[in-house]
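**Q** Next come the chains, spelled out residue by residue.
2 protein chains.
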Amino acid sequence: MKALLLKELGSDLQYTEAADPVPASDDMVIVELKAAAFNRRDYWITKGMYKGIDSFPIILGSDGCGEYQGKQVVLCPNINWGPGYFPSKDYKILGLEHNGTFAQKVAISKKNIYPKPAHLTIEQAAALPLGGLTAFRALFSRAGLRAGEKVLISGVGGGVALIACQMAIAIGAQVYVSSGSEIKIQKAIELGARGGANYKNQDQMKKLASDIGGFDVVLDSAGGDGFQTLLKMCNTGARVSIYGGTAGNLNNISAPNLFFKQLSILGSTMGSDVEFKKMLEFVHHYNIIPVVDKQLSLENGQEGLNRLESGNQFGKIILNIP
Amino acid sequence: MKALLLKELGSDLQYTEAADPVPASDDMVIVELKAAAFNRRDYWITKGMYKGIDSFPIILGSDGCGEYQGKQVVLCPNINWGPGYFPSKDYKILGLEHNGTFAQKVAISKKNIYPKPAHLTIEQAAALPLGGLTAFRALFSRAGLRAGEKVLISGVGGGVALIACQMAIAIGAQVYVSSGSEIKIQKAIELGARGGANYKNQDQMKKLASDIGGFDVVLDSAGGDGFQTLLKMCNTGARVSIYGGTAGNLNNISAPNLFFKQLSILGSTMGSDVEFKKMLEFVHHYNIIPVVDKQLSLENGQEGLNRLESGNQFGKIILNIP
Numbered sequence: 001m002k003a004l005l006l007k008e009l010g011s012d013l014q015y016t017e018a019a020d021p022v023p024a025s026d027d028m029v030i031v032e033l034k035a036a037a038f039n040r041r042d043y044w045i046t047k048g049m050y051k052g053i054d055s056f057p058i059i060l061g062s063d064g065c066g067e068y069q070g071k072q073v074v075l076c077p078n079i080n081w082g083p084g085y086f087p088s089k090d091y092k093i094l095g096l097e098h099n100g101t102f103a104q105k106v107a108i109s110k111k112n113i114y115p116k117p118a119h120l121t122i123e124q125a126a127a128l129p130l131g132g133l134t135a136f137r138a139l140f141s142r143a144g145l146r147a148g149e150k151v152l153i154s155g156v157g158g159g160v161a162l163i164a165c166q167m168a169i170a171i172g173a174q175v176y177v178s179s180g181s182e183i184k185i186q187k188a189i190e191l192g193a194r195g196g197a198n199y200k201n202q203d204q205m206k207k208l209a210s211d212i213g214g215f216d217v218v219l220d221s222a223g224g225d226g227f228q229t230l231l232k233m234c235n236t237g238a239r240v241s242i243y244g245g246t247a248g249n250l251n252n253i254s255a256p257n258l259f260f261k262q263l264s265i266l267g268s269t270m271g272s273d274v275e276f277k278k279m280l281e282f283v284h285h286y287n288i289i290p291v292v293d294k295q296l297s298l299e300n301g302q303e304g305l306n307r308l309e310s311g312n313q314f315g316k317i318i319l320n321i322p
Numbered sequence: 001m002k003a004l005l006l007k008e009l010g011s012d013l014q015y016t017e018a019a020d021p022v023p024a025s026d027d028m029v030i031v032e033l034k035a036a037a038f039n040r041r042d043y044w045i046t047k048g049m050y051k052g053i054d055s056f057p058i059i060l061g062s063d064g065c066g067e068y069q070g071k072q073v074v075l076c077p078n079i080n081w082g083p084g085y086f087p088s089k090d091y092k093i094l095g096l097e098h099n100g101t102f103a104q105k106v107a108i109s110k111k112n113i114y115p116k117p118a119h120l121t122i123e124q125a126a127a128l129p130l131g132g133l134t135a136f137r138a139l140f141s142r143a144g145l146r147a148g149e150k151v152l153i154s155g156v157g158g159g160v161a162l163i164a165c166q167m168a169i170a171i172g173a174q175v176y177v178s179s180g181s182e183i184k185i186q187k188a189i190e191l192g193a194r195g196g197a198n199y200k201n202q203d204q205m206k207k208l209a210s211d212i213g214g215f216d217v218v219l220d221s222a223g224g225d226g227f228q229t230l231l232k233m234c235n236t237g238a239r240v241s242i243y244g245g246t247a248g249n250l251n252n253i254s255a256p257n258l259f260f261k262q263l264s265i266l267g268s269t270m271g272s273d274v275e276f277k278k279m280l281e282f283v284h285h286y287n288i289i290p291v292v293d294k295q296l297s298l299e300n301g302q303e304g305l306n307r308l309e310s311g312n313q314f315g316k317i318i319l320n321i322p
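First to last, the protein sequences are chains R and U.
When you number the first sequence by the working numbering, it's gap-free, plus one each residue, and the end is 322.
When you number the second sequence by the working numbering, it's gap-free, plus one each residue, and the end is 322.
Bear in mind the hints are in silico, worked out from the structure with no lab data behind them.
Hints should not be assumed to be uniformly reliable.
Chain copies aren't distinguished; within one or between two, either way the pair holds.
Claimed, not checked - Quick list of in silico lysine-lysine cross-link-like pairs, DSS-like style, CA-CA up to 25 Å:
{"id": "1", "residue 1": "K207", "residue 2": "K51"}
{"id": "2", "residue 1": "K294", "residue 2": "K207"}
{"id": "3", "residue 1": "K89", "residue 2": "K7"}
{"id": "4", "residue 1": "K7", "residue 2": "K206"}
{"id": "5", "residue 1": "K232", "residue 2": "K110"}
{"id": "6", "residue 1": "K89", "residue 2": "K207"}
{"id": "7", "residue 1": "K232", "residue 2": "K92"}
{"id": "8", "residue 1": "K111", "residue 2": "K278"}
{"id": "9", "residue 1": "K47", "residue 2": "K7"}
{"id": "10", "residue 1": "K89", "residue 2": "K277"}
{"id": "11", "residue 1": "K51", "residue 2": "K206"}
{"id": "12", "residue 1": "K232", "residue 2": "K51"}
Everything numeric in this text was worked out from a predicted model, so none of it was measured.
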């Protein structure tokens, strides 16, 4: 089969011939992939930021849509989440250590295969799994966002942030966004967000919070020194889900701001198999269509990583698989 | 009446004659106080760390036990918590701005008056309200501590930490403590804690976590640079309640540690009127007796603040009111 290979850390992804995958156990099958999508995770892996990378080449990719037994299917990227609300100790994500979706075929457990939501194209469905699952858990299972609440979604260009934005709008929350780019804020407003602020401008952020009377829920994937600003924008009892740390360690967090306002900071990543199923139903019920930033052929996959690195994307970067 | 007055910020408390309190509304009554107790809050107020201090003298004190209509009663320190799970915007604590319990009499709403738990002396009951309420909410309502879980209670000499320790032991949690003092750790073990570590010694803290296989719940009132150590001692899905910030801002918090382990950091302070009632029932049901560090006459109240400042106390400092 054709595949994109990561042959060593720091190298470009190479489009090449690779051995067909072989099911490792009786419950595993082969899915013929038609589209895949990038996640920030893929970029971090190529930079050596994930542990447990000791054998090469690797086929990256956690998001995929394809065909199995003549039907269009979308893949749940969870491996060994387990039966609980929190992941088991053996939890892995498709695409490391197990070979992922940046290839013509992938070996995967039957229970990871779900019918493609009928309202989505193959490319749109490929844009959904990891981002949709992460957003669904962080927003609803963890932060318990409800209709009418005011929610701030930071860094709205990213795949998780954008689908979270769409999900929050769908249930009738009052959605605001932050971004380092005025254009992205404008695009989010076109999707239904009520407004936004540039996170590089502290005064603009504070003004947003004060204009709307503070936030009930915040979704963040940056952390870093800006996190304490988000906490100051919160109302009493607010829930702040954090699912990433692109800006590094959290600093200068005021304890009195935390306890007097009774804030909850909720770490979140991915979601359970149950949540994945619920997320697919949710997206279908509300007719949510993931935003596609760009489509590339599998052959040109490295361009996707470059675009992720640039931070200029608005939505998911898709790979069309021949 | 006799009272302890704070006449200006930074000055000693003065034992002197003061005007009897006058009920400000129809639902308010006068309680004759027999015992009161100090909280860290009283100390911070004298140091000017609380907002809204613009008129003197002030009678401090949030904890009190006394007599009303010939019955022994204990006082709930909540003023205007409101009907919800989170406090209303008008929420205040007895003892600022409203004159508190460091006096022979206090004016208070009838609904703040509860029968003294039968198993407690007047002094023990006076040791309970603020600390018991704070511990109950932080441990159970916020962190959801359950029997069998491993809980770390930091800074175990303090009033809230100690009663939390007793409450957690009572329900059958596996309780461990931290302190800067080996003697306090030893005293907590005598109360039923399974072990502890000195928080000044990072290696000892890490060893404790690794020996027991990590914590499910942590209770902290320090924050500061040590908070990130507590987070590293946590298991996947752990809940960390923080109800104070004596060590200052939280720094160097690893975002991946938060989201990969799906930790919850839960700010908590005081509790609702409903929680106060439940806390009294809980303390009675489990026969919990607050630890009294020292009893002082109202006249010598300043010694109580000095002892709080020293950090040498183990349990509550009580004022006997003539």
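**Q** Each hint: holds or not?
**A** Checked hints:
Taking identical chains as interchangeable, the C-alpha atoms of K207 and K51 lie at most 25 Å apart only when they sit on different chains, with a minimum of 23 Å there against 41 Å within one chain. When the C-alpha separation of K294 and K207 is checked against a cutoff of 25 Å, the pair qualifies neither within a copy, at 34 Å, nor between copies, at 49 Å. Neither within a single protomer nor between protomers do K89 and K7 lie at most 25 Å apart by alpha-carbon distance, with minima of 28 Å and 58 Å respectively. In this assembly of identical chains, the alpha carbons of K7 and K206 never lie at most 25 Å apart, being 46 Å within a copy and 37 Å across copies at closest.
Taking CA atoms no more than 25 Å apart as the test, K232 paired with K110 passes in neither setting, with 46 Å inside one copy and 36 Å between copies. Proximity of K89 to K207 under the C-alpha cut-off of 25 Å is restricted to the inter-copy arrangement: shortest distance 21 Å between copies versus 43 Å within a copy. Within a single copy, K232 and K92 get their C-alpha atoms only as close as 35 Å, which misses the 25 Å cut-off; across copies the closest is 21 Å, which meets it. Proximity of K111 and K278 under a CA criterion of 25 Å is satisfied intra-copy only: 15 Å inside one chain copy versus 45 Å between copies.
In this assembly of identical chains, K47 and K7 lie within 25 Å of each other by CA distance solely inside one copy; the values are 12 Å within and 62 Å between copies. With identical chains, the CA atoms of K89 and K277 are at most 25 Å apart within one copy only, with a shortest distance of 22 Å there and 40 Å across copies. Within a single copy, K51 and K206 get their C-alpha atoms only as close as 38 Å, which misses the 25 Å cut-off; across copies the closest is 21 Å, which meets it. When the C-alpha separation of K232 and K51 is checked against a cutoff of 25 Å, the pair qualifies only between copies, where the shortest distance is 17 Å, while the shortest distance within a copy is 34 Å.
Hint compliance for this structure: hints 2, 3, 4 and 5 are not met, and every other hint is.
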